[in-house]
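Please dock the two separately framed chains into a single complex, following the hints provided.
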Amino acid sequence: MSLRLLKYAFIEDYAEPRYFNTPDTLNDTYDVVIIGAGGHGLACAYYLARDHGISNVAVLEKGYIGGGNTGRNTTIIRSNYMTPEGVLFYDAGLKLFRDLSCELDINIFYSERGHYTLAHSDSTLRTARWRAEVNKHLGVASELVGEEHIARACPELHTDCGGNQPILGALYHAPGAVARHDAVAWGYARKASQAGVEIHQKTEVVGIETRAGRVESVITNRGRIHTDTVLSAVAGHTPGVLKMLGLESPIEIYPLQACVTEPIKPWLDTIIVSGSMHLYISQSSRGEMVMGASLDPMELHSHRSTFEFVSSLCDQVLDLFPFLSEVKINRQWAGMVDMTPDFAPIMGTTPVDGFFLDAGWGTWGFKATPISGKTMANTIATGRNDELITAFNLSRFEGFHLVGEKGAASVGH
Amino acid sequence: MTGVSALEPEFLGDSSAGAWVFNRDGSPMVRSEWWYHRATQLWFKVQRHTGTDQIVGVELARTNEESG
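Protein sequence lines correspond, in order, to chains S and C.
Under this note's numbering, the first residue of the first sequence is numbered 1, with each subsequent residue one higher.
Under this note's numbering, the first residue of the second sequence is numbered 1, with each subsequent residue one higher.
Here chain C stands alone, though its shape is the one from the complex (with noise of 0.2 Å):
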């Protein structure tokens, strides 16, 4: 994951729980992003660069029981 802090506050090191929430990477780079579409119903994970607005990789989200 790209763009933004460490997942889980305690690994923080010095930074503050204020930055840990707010602060992030604002450049462009690829994202990865929840997608969805509204008339299938489905989630999408996309993986999509915010410089160009291409999109370099799509995977459909499944649920816990799908994935088994």
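Excised from the complex, chain S in its bound form (with noise of 0.2 Å):
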């Protein structure tokens, strides 16, 4: 045993701070009340108070913080998306993720790594080929690229795939990069409770009340708190909290699986994405494989995993990547995602007065964790939807103003 720890057993206060306050009463009135307390519920209470002086903010999560969707996914940061809209969006993300480790003062591991997504098809090329440039004239690093770059990049890559889909190119974006997504909630809720935010862990909301299409009241399972403004960040969980209000949403929960290998030596110092082959693979700090696919086939508010999902993912990578069949598998897990038909956001305002919504993230919610953050709390503070964000708005399904993003934002199509 170190001297260092053995110290700590004889000192009552602790030389380290707890990360965040742990409040053991809830107070009777809020300014704002956030449900959720993964990443986008914490960087919004963190910008709340950073930005426009609002700190009487409780932050209620269910579980315990970063426990969903936060702790699940598979940490890409990107924005070579379709829609100028999410093109703008997820870039203004990207570059609030590059500081954010001397922001929030703990190393995220930020690593950028090349982001390339693979056609295997002229028509994929063709998709690539828009996305390139709509990228580039929105000022991202987007281009399309041929087979030998790959090649160079990532000379262990198979590129006729076991014969069976060769690679023709590929969508190359070189900001493309991982970072440690557990450090970005707790960074986000230490600088965040620091600030004055509460985070109340193990409480679970069971009612939202109105009067006159006015938030009033917040109901939990430790009783009542007053406020007059409400933001829903429950990735998975929207439909339940939509129905305690009586909104009608398109959102639909399908679990998205992952999985991560033994850790081997650093080889792979890219991302790898096949849209045809449903697969994203990177390799994480601890030397990790992180792999993924499209979601599961049908509706089910679950985190069960499947072994349907890591045999047939495992088939697809080792047609990449055939020396991969000496390593094992060592975890697989599921988050529940809300889905949305056109593969966007939903944002924003709602028609309940002081009930704002950050739900409908899907399978591309990590990336944009501190820009959600950001633009919902300008949204909250002024009352009005921040310019970035008011494409993704609910009202937008009413009239046919979708945001198609499905060819960028996710493996399954």
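Honestly, the hints are just simulated from the structure, not real lab data.
Check before you lean on any hint, since a few could be wrong.
Calculated cross-link-like contacts (lysine to any residue; reagent style SDA-like; alpha-carbon spacing at most 20 Å) [claimed, not checked]:
#	chain 1	residue 1	chain 2	residue 2
1	S	Lys243	C	Gly51
2	S	Lys7	C	Asp25
3	C	Lys45	C	Glu33
4	S	Lys243	C	Arg24
5	S	Lys62	S	Glu204
6	S	Lys202	S	Asn221
7	S	Lys328	C	Ser15
8	S	Lys243	C	Ser27
9	S	Lys62	C	Leu60
10	S	Lys243	S	Leu324
11	S	Lys243	S	Pro297
12	C	Lys45	S	Lys243
13	S	Lys265	S	Asn221
14	S	Lys62	C	Arg31
15	S	Lys243	C	Ala39
16	S	Lys202	S	Gly335
17	S	Lys95	S	Glu85
18	S	Lys243	C	Arg62
19	S	Lys243	C	Asp25
20	S	Lys202	S	Arg214
21	S	Lys62	C	Ser27
22	S	Lys95	S	Ile76
23	S	Lys406	C	Val21
24	S	Lys62	S	Leu26
25	S	Lys243	S	Arg214
26	S	Lys243	C	His49
27	S	Lys243	C	Val21
28	C	Lys45	C	Arg62
29	S	Lys243	C	Ala19
30	S	Lys243	C	Val30
31	S	Lys62	S	Lys202
32	C	Lys45	S	Cys314
33	S	Lys243	S	Pro266
34	S	Lys7	C	Val56
35	S	Lys243	C	Phe44
Calculated Cβ distances over 10 Å to all of chain C for the following chain S residues [said to hold, decoys possible]:
#	residue
36	Pro263
37	Ser302
38	Leu324
39	Phe400
For each residue, glycine too, the CB sits at the ideal point set by N, CA and C.
As structure tokens, this is what we get:
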């Protein structure tokens, strides 16, 4: 045992402060109540305090912080989307990520790797070219590259894919990065807590009361809180929260699964994605291969993982990297995600005064953690949708103003 | 049928066409689904609970001629 550790046995006050305060009691009133202490909710609390001086805020979490999709994603950060609205939004987020370690005073292991979206057919190449042009037009580094570019960056990759679907080219996005997702949630929690925000874990919201179309109070398993402003940031549970208010949305819940292998020596320093093969793979700072695929095929409110997922994913991965057959899968898990018809989020104001929504984050939410927090904080503080998120409002479906990101937001198409 | 709006848009009342097309109740519930068994090329009508993944009812989907 190290002396430093032994020393703690004799000191009552630990030198290391806790990451965030855990107040025992809920107040009767808060200026803002945020439902869900994942990355998005905590980021919003932080920016409310930092940018708008609103710190009488409670973040309510029915489990523990970062225990939902913040801790279940595959940590990829990129901005090579398809629609101008999407590209501008995610690129603002990517820029926030670059400075986030410094801003939050915690090492989030932000690591720019370069991101290849492989194309195995002419039609995928066409979509890749489309995305590259939209990206370049908006100042995002994105280009169509040939097979030799990929082979140089990743010599281990079998570009003939086992003979099934040879790689013709790829969309290359140099700023593509990975980061430690838990650190993002914990960093925001600490900074928000230092600014006066209260984080209440094991506190479940069971109802929201309104009067004359305005939010009046939130009912939790620990009592009633009076507030006129509520943000829902509950990936995978949004339909339940909307039901408390009688609001409708197109959100459906699907499981999204992922897995990691045992740690191996660093060999893959890029992020490889294939829409046609339904897979993405990168190597974490610990050396694990982090792998994911498309959504489960049917709606389900469950965190169960399946053998079918991991076996079909490995089948595809081995076509690209046959030598990985020696490597064992260590863990697999699932998250419940809010899917929307256009693969874009649902953010901002709602028909209920004082109720704001940060939802519909499907398979693309982690990269948006800082920017969704910042834009939602601005929206809550001013009562008007931040200009970066106006296109993502819940009302877009009524008028058929969809933001078609399906070709760029996931690998399941 | 649960979880979807009225089957015919004219019964919508105040709701808009966009809401009718896109909105649905995404809470866990028993849903009616079409399942296809690839090996036998048969379609099934399945009642499945989306919270528990439990299948509560199955029937073979029949064509109009078969059902007479």
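Do the hints match the structure? See the list:
| no. | hint | verdict |
| --- | --- | --- |
| 1 | S:Lys243 <-> C:Gly51 | 16 Å, holds |
| 2 | S:Lys7 <-> C:Asp25 | 56 Å, violated |
| 3 | C:Lys45 <-> C:Glu33 | 6 Å, holds |
| 4 | S:Lys243 <-> C:Arg24 | 11 Å, holds |
| 5 | S:Lys62 <-> S:Glu204 | 4 Å, holds |
| 6 | S:Lys202 <-> S:Asn221 | 9 Å, holds |
| 7 | S:Lys328 <-> C:Ser15 | 53 Å, violated |
| 8 | S:Lys243 <-> C:Ser27 | 8 Å, holds |
| 9 | S:Lys62 <-> C:Leu60 | 42 Å, violated |
| 10 | S:Lys243 <-> S:Leu324 | 46 Å, violated |
| 11 | S:Lys243 <-> S:Pro297 | 25 Å, violated |
| 12 | C:Lys45 <-> S:Lys243 | 28 Å, violated |
| 13 | S:Lys265 <-> S:Asn221 | 47 Å, violated |
| 14 | S:Lys62 <-> C:Arg31 | 27 Å, violated |
| 15 | S:Lys243 <-> C:Ala39 | 40 Å, violated |
| 16 | S:Lys202 <-> S:Gly335 | 19 Å, holds |
| 17 | S:Lys95 <-> S:Glu85 | 16 Å, holds |
| 18 | S:Lys243 <-> C:Arg62 | 36 Å, violated |
| 19 | S:Lys243 <-> C:Asp25 | 8 Å, holds |
| 20 | S:Lys202 <-> S:Arg214 | 26 Å, violated |
| 21 | S:Lys62 <-> C:Ser27 | 18 Å, holds |
| 22 | S:Lys95 <-> S:Ile76 | 14 Å, holds |
| 23 | S:Lys406 <-> C:Val21 | 18 Å, holds |
| 24 | S:Lys62 <-> S:Leu26 | 14 Å, holds |
| 25 | S:Lys243 <-> S:Arg214 | 15 Å, holds |
| 26 | S:Lys243 <-> C:His49 | 18 Å, holds |
| 27 | S:Lys243 <-> C:Val21 | 19 Å, holds |
| 28 | C:Lys45 <-> C:Arg62 | 10 Å, holds |
| 29 | S:Lys243 <-> C:Ala19 | 16 Å, holds |
| 30 | S:Lys243 <-> C:Val30 | 17 Å, holds |
| 31 | S:Lys62 <-> S:Lys202 | 4 Å, holds |
| 32 | C:Lys45 <-> S:Cys314 | 31 Å, violated |
| 33 | S:Lys243 <-> S:Pro266 | 47 Å, violated |
| 34 | S:Lys7 <-> C:Val56 | 60 Å, violated |
| 35 | S:Lys243 <-> C:Phe44 | 31 Å, violated |
| 36 | Pro263 | 33 Å, holds |
| 37 | Ser302 | 6 Å, violated |
| 38 | Leu324 | 29 Å, holds |
| 39 | Phe400 | 5 Å, violated |
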